[in-house]
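S.K.: Take the sequences, apply the hints, and build the full model.
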Amino acid sequence: MGSALALNPAVLALVAGMAVVTYATKAGGLWLVGRVDLSERAEAGLDVLPGAVVVAFVAPALANGGVPEWIAAAATVAVARRTGNLLLSLAVGVGTVLAVRGIV
Amino acid sequence: MAETDSSTERATTDRDSTDGAAAGSTPSSERGDVTFTLAGVREGFVTGLPVAVGVAGYGVVFGVLAGRAGLSVAEAGLMSATVLAGAAQLIAVELWADSVPAVTVVATVGIVNLRYLLLGAALRPWFRHLSPRAAYGSVFFTADENWALTIATLRAGSRQGAFLLGSGLVLWLLWIVATVVGVTAGDLVGDPAQYGLDFVVTALFLTLAAGLWEGRESLRPWLVAAGVALVTNAVLPGEWYVIVGALAGAGVRMVTHDG
Chain A
1 MGSALALNPA
11 VLALVAGMAV
21 VTYATKAGGL
31 WLVGRVDLSE
41 RAEAGLDVLP
51 GAVVVAFVAP
61 ALANGGVPEW
71 IAAAATVAVA
81 RRTGNLLLSL
91 AVGVGTVLAV
101 RGIV
Chain B
1001 MAETDSSTER
1011 ATTDRDSTDG
1021 AAAGSTPSSE
1031 RGDVTFTLAG
1041 VREGFVTGLP
1051 VAVGVAGYGV
1061 VFGVLAGRAG
1071 LSVAEAGLMS
1081 ATVLAGAAQL
1091 IAVELWADSV
1101 PAVTVVATVG
1111 IVNLRYLLLG
1121 AALRPWFRHL
1131 SPRAAYGSVF
1141 FTADENWALT
1151 IATLRAGSRQ
1161 GAFLLGSGLV
1171 LWLLWIVATV
1181 VGVTAGDLVG
1191 DPAQYGLDFV
1201 VTALFLTLAA
1211 GLWEGRESLR
1221 PWLVAAGVAL
1231 VTNAVLPGEW
1241 YVIVGALAGA
1251 GVRMVTHDG
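Protein chains in written order, with my numbering: chain A, 1 to 104; chain B, 1001 to 1259.
Everything labelled a hint here was simulated from the structure, so no lab data went into it. A few of these clues could be false.
[Unchecked claim] Examples of chain B residues toward chain A, derived with CB under 10 Å:
(1) Ala1081
(2) Ser1131
(3) Arg1133
(4) Ala1135
(5) Thr1142
(6) Ala1156
(7) Gly1157
(8) Leu1173
(9) Leu1174
(10) Phe1205
(11) Gly1211
(12) Arg1216
(13) Gly1245
(14) Gly1249
By construction, the Cβ of each residue, glycine as well, lies at the ideal position given by its N, Cα and C atoms.
M.R.: Below, the structure is given as C-alpha cells:
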C-alpha cells in the first residue's frame, strides 16, 4: 500500500502545474469576455482548436497502426457518429480491434 | 460524457448566439434574478448524476493509463481532484509515460484546455449576476459534460446559478472514485494489448473527434492538423506533434477566414 500512497515530488509539481493551467483556462473565459474583443479571425481559430488537437493527437497513432486498428477506427467513428455514446464507441472500438487481430 | 457528447458540441457551436444574447439581444432583466442556492446545487447534482456515471467509465480508463504511466493511486487521485479535465489528463499521462518534460506536458495541457476559455465565456450572461466567489468557485467544476447540461438548463429559463456547481460536484466525486478504481484495477490487468486496451486512447479521441466534427468546414483544418502532426512526428522527438499539428490546423482556419 506504501506505493499506492506514494507522492513523488516531480509528479506533485506536474499535478500542481496542470491544476493551475486548467483553472486558468476555466476561469479565464469568464473573466476575459467583455474585457477583450476577440477578432472574428481569432475566434474562428479558437473554434477549430479542440478538433485540431484531437486530430493531431490521433493521426500518428493511426498511421503507425495496421489493418486491425484502421477497421476498428472506422467502427468507432461510425458508432460515435450514430449514437454519440462514448462508452459504446469505446467498447465497439476495442472489441473490433481484438476481433480483427484474432483473424489477421 | 456519453450521451451528451453531441449536445456539448451543439452547445459549443451555439456559442456565438449565446454571446450575442450577452451583447443585448435578450433583456438583461431576465437574467438579473439568477440565484445561487442550495436548491440549485441539489438540482444540478441530481440532473448531473447519469452523465457523471458515464464520465466515470472514462475515469476508469484514465486511471488505468495513469497507473501504466507510473503514477501511484494517490498521485492519480490527486490529479483528478485538482485538475478535473478528462482529455488533458489523458494526454498528460501519455506524454509523461514517454518521459516528456513536465513543462511541455503542462503547456500541452494548457493548449488542450483552451476550449474552456470558450465555455467560461458562454456562462458570462448568467454568471455576471453572481458574486465573484460563487462564479469563480463554480468554474473550477467546469467539464464539457456538466457545462453542456448547465447551458442547456439556463437557456431553457432556469435561474439556478448553482447548477454548474451541483452538476460539477457529482461529476468530480465520481471522477475521483473512478480514477482510483482504474489505477488499482490496472495493476491486475497485465498486458493491456491482450484486451485491446492499447486501442482505448485512440478510440477515445476518435469519439471526441466525431463529436467535434462540424462538417465541411472542419475538413481543411483537420487535414492540415493531421498532416502536420504526421510530419512533425517523423522529424521531432517526443510529442511535439500534438501542439504543432493543432496550431497548424487552427492557423489555417485563421488564415483562410474571410470575415
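S.K.: Okay, which hints does this one fail, numbers in order?
M.R.: 2, 3, 6, 7, 8, 9, 12
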